[in-house]
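First to last, the sequence lines map onto chains A and B. The first sequence begins at 212 in my numbering and counts up one residue at a time. The second sequence begins at 239 in my numbering and counts up one residue at a time.
Be aware that one or more of the hints could be misleading.
With a straight-line Cα cutoff of 27 angstroms, these simulated DSS-like cross-link-like pairs (lysine-lysine) come out [as the list claims (entries may be wrong)]:
(1) A:K351 <-> B:K313
(2) B:K313 <-> B:K323
(3) B:K313 <-> B:K267
(4) B:K261 <-> A:K351
(5) A:K348 <-> B:K261
(6) A:K348 <-> A:K338
(7) A:K338 <-> A:K351
So, partial list: chain B residues that the calculated Cβ filter (under 8 angstroms) puts toward chain A [what the hints assert, rightly or not]:
(8) L272
(9) V287
(10) I297
(11) D335
Think of the hints as simulated: they come from the structure by calculation, not from any bench. Even for Gly, the Cβ is constructed at its ideal location relative to N, Cα and C.
Take a look at the letters that make up each chain.
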Amino acid sequence: MNAPVDYLLHLADNALVLGQRNAEWCGHGPILEEDIALSNNSLDLIGQARMLYQHAAEQIGNGATEDTLAYFRDVPDFRNYTLCELPHMPLMAATSKGDRDFAMTIVRNFLYSSLMVLVWDQLQASKDTQLAAIAAKSLKEVRYHLRHSRDWLLRLGDGTDASHAKAQAALDQLLPYCQEFWTTSPQETAALANGTGIDMATLQTDWNQIVDEALQEATLKRPAAGGFVPTGKQGLHSEHLGFVLAEMQSLARQHPGATW
Amino acid sequence: MNTTTHTPALKEWPLWEVFVRSKQGLEHKHCGSLHASDAQHALQMARDVYTRRQEGVSIWVVPSATISASEPNDKGEFFEPASDKVYRHPTFYVIPDEVGHM
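Only chain A is shown next, with the shape it has when bound in the complex:
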């Protein structure tokens, strides 16, 4: 039994786009150790994306490979959560320049990892045995991502006035994007129907608990729910994804089939 291709792409695109975003810190980390930590995180995510793309490519056939899926699809084809594509700086027009904000990076990684420890844990029981194996491997990685980001969330939230203010601002901006986790997309419905996917709604209580416990320890306030619900996983993205893809895909598109 195979998971629907669009479902695999949804999982892969989340990992690839967030991996690409976190890789922006490579060479620019606040300290050397953190530079390496974020690059490690990025490589874990890109590794997950590769396995999922390879699995999807086998089903698509027609010469599809992990590379064609990563580098030769356009914005509307991507199925990642909008959360994953946002820049590291407080939200602004995509063409504006700003300084990367470590608090945005940490809060996003925390919110995403808190979800993925639950998702990968349940996907270990997927009827798609290859997806189940990918889930088992990814679970170990994302457990460390959660530990790393949660640890920093506490340090920033319960740190100085300045770090607390930045962490709170990042949380206020990013938490509303998590509402997308709980809406249902056609690929998720299809995956649930054939036993390869999971019912996201059942994860919400656990996710809230992981988040609320950490926020309390970090002395951060959870912003009120409501407002716009993003639609990235349905292919309707923010203006930011195009810039991510432009940078990520430019080399492969200028030199198709390049190797080194």
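Given the coordinates of chain A, assemble chain B onto it according to the supplied hints.
Coordinates of chain B only, in the frame set by chain A:
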């Protein structure tokens, strides 16, 4: 708001020595040092910096300040007296063939 004081983090964070035990090894070996705000922080950083190529299965971090070290100036009296005492190496014994490798 305390936004005006930008002391570089490294000046506030103490130094830690990192010891890693490899899969084959019995002992933790010193592999480097890093700055971190506390022991937990140091452990996570050591994980990311020193074990990303499967170097280890266990990590120790020790505050550098708690290590007492011999002085380079003491080299003469500390170490040189041993240099002419070759008899302290067990190299003057004939090992019977039956013992094999030891």
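We went through each hint and held it up to the structure:
1. A:K351 <-> B:K313: Violated, because 48 angstroms separates the two Cα atoms, which is more than 27 angstroms.
2. B:K313 <-> B:K323: Roughly 16 angstroms between the alpha carbons, so the hint for K313 of chain B and K323 of chain B holds.
3. B:K313 <-> B:K267: holds (23 angstroms)
4. B:K261 <-> A:K351: holds (19 angstroms)
5. A:K348 <-> B:K261: holds (20 angstroms)
6. A:K348 <-> A:K338: Between K348 of chain A and K338 of chain A the Cα gap is close to 16 angstroms, so the pair holds against 27 angstroms.
7. A:K338 <-> A:K351: holds (20 angstroms)
8. L272: Where the cut-off is 8 angstroms and the nearest Cβ of chain A is about 6 angstroms from L272 of chain B, the hint holds.
9. V287: Nearest chain A Cβ about 5 angstroms off; hint holds.
10. I297: violated (13 angstroms)
11. D335: violated (50 angstroms)
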